[in-house]
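Line order of the protein sequences matches chains F and V. According to UniProt numbering, the residues represented by the first sequence are 1 to 289, in order. According to UniProt numbering, the residues represented by the second sequence are 1 to 289, in order.
The list that follows gives simulated cross-link-like pairs (lysine to any residue, SDA-like), each with its CA atoms no further than 25 angstroms apart: (1) F:Lys-199 x V:Gln-277; (2) V:Lys-71 x F:Pro-258; (3) F:Lys-199 x V:Pro-258; (4) V:Lys-199 x F:Gly-233; (5) F:Lys-199 x F:Thr-162; (6) V:Lys-71 x V:Gly-41.
Derived from the structure by calculation, the hints contain no laboratory data.
There are 2 protein chains.
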Amino acid sequence: MTYCVAMRVDEGLVFLSDTRTNAGVDHVSAARKMAVFEQPGDRVLVLLAAGNLALTQAVMQLLSEPAPEDKLTLYNAPSMADAARLVGEAVREVHRRDAATLAEFSVDFNCSFILGGQIRGANTRLFMIYSAGNFVEASLVSPYFQIGESKYGKPIIDRVITPSTPLDEVAKCALVSMDSTLRSNLSVGLPLDLLVYEKDSLQVTRFSTLDHDNQYFQMIHRTWGERLRQIFGEIPNPTWADPANVPLRARETVSSVPRVVHGDALTQPDTSAPPFQTLMQPDTGRSQQ
Amino acid sequence: MTYCVAMRVDEGLVFLSDTRTNAGVDHVSAARKMAVFEQPGDRVLVLLAAGNLALTQAVMQLLSEPAPEDKLTLYNAPSMADAARLVGEAVREVHRRDAATLAEFSVDFNCSFILGGQIRGANTRLFMIYSAGNFVEASLVSPYFQIGESKYGKPIIDRVITPSTPLDEVAKCALVSMDSTLRSNLSVGLPLDLLVYEKDSLQVTRFSTLDHDNQYFQMIHRTWGERLRQIFGEIPNPTWADPANVPLRARETVSSVPRVVHGDALTQPDTSAPPFQTLMQPDTGRSQQ
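For reference, chain F alone in the conformation it holds in the complex (with noise of 0.2 angstroms):
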């Protein structure tokens, strides 16, 4: 598995991504999974790759190979979008060659990109691409995309990721985001390859590889959690009490514990049944007694 993720706010982009590669929880590797296509003053692109890495490495390969002058690359291409069609283009022709003889083994074409970056005149983008070679690409309202193990990550970014973000913020997002999921799902590990792109740079000014040692990340790492367990703490308990003694709006909805009566699987209201308690509603004063 792995887990990248890529948001794009009005400072720039943010690149993230694990290593952790495996057939198999005995037969677990690294590799990396995110590539840098940089032509300092004219372009920086960055290719985030999740799936079967046989596949990812020849659409890698693909794309990177020598190409005669009119031949358009990732290098020249000159827009954003004409980038995201050629590593569309690279996917389909990696499934052309092999996803029939994968087939045969029952093995899934499966693999995902995210494409960001800016070339000279234009704006930053961010794409993300399908293992069909179709892609789409992210916007105001949604200016982020994830892809491999994806949603144990996903809401702390729903939370606090908007366009006006500054980047380190973004940056410290993404960081908790792999935090939350490295926790949670074992085939996505370190070391991270982190890469901040400041808007209209054109190079890569801010890069870092955080292992086992980053003192940043195992500060995140500490202090979320520690910082989690405190917030939930203080959020009061549920209280209880009888129903009889719930606001009316609230005792609509409560007198019916979904028992099962022998005979009938509908569950139905028991009058009969012993007395249970409810969850008290805070008096805010618009409530009958």
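Fit chain V to the supplied structure of chain F, relying on the hints for placement.
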């Protein structure tokens, strides 16, 4: 989709389920996914269901049908393990009846259950039953089960629940976990059924159906998001420095931006590339400058 979670701690059991069902985004409805088999003074068994609603209701129907006195049911099973076996047998019965026909329509035989509760004279127990009818039991090291859309809500449970967590705090954790899931997956929806079982009570003592009006859940929803953003803001942003100013240990893994050199897909250090900054490591005294 569905999200159901059940946790077993020293003080008892907590069950929480959503009620959304859907067959495509334009066919959204609600069904209760919790069923309570209660004989006050003798047993409380709670069953949570996820998967194809027709299948889970068929299983529920089998489990609630009248049976001859000498036949095992959830109402007379001598142990929770026997009860789990009964649920598994019901799943297999529905599989025998429906699976072949469903396969003709390319519908997966997809259902899973959580069964928890207590029978007089024994401890509380908690099981997860798979669509093959086999089952596993929760243990002290992993005192909870989730079915349905489980990933968004898993990190908070992993961080705060231990066997000694007080029951009301477990209920609060289940609701926070549900809140994260509701925020990220549209196919999980209110109202929620929350049942808190106090060990040795042998009857339902605390139950609540939480809908949009429920002020406790509203408070969790609002407070949790606010406090998350607050602690996120309090964690320091990364700071960046020239690699030459970064302590030696960090520098070792710092210098290799995974640049793709044209014609060579294997990324390699490019000493001619422009300089970039890397994550500053806080000085802990053990690094060499």
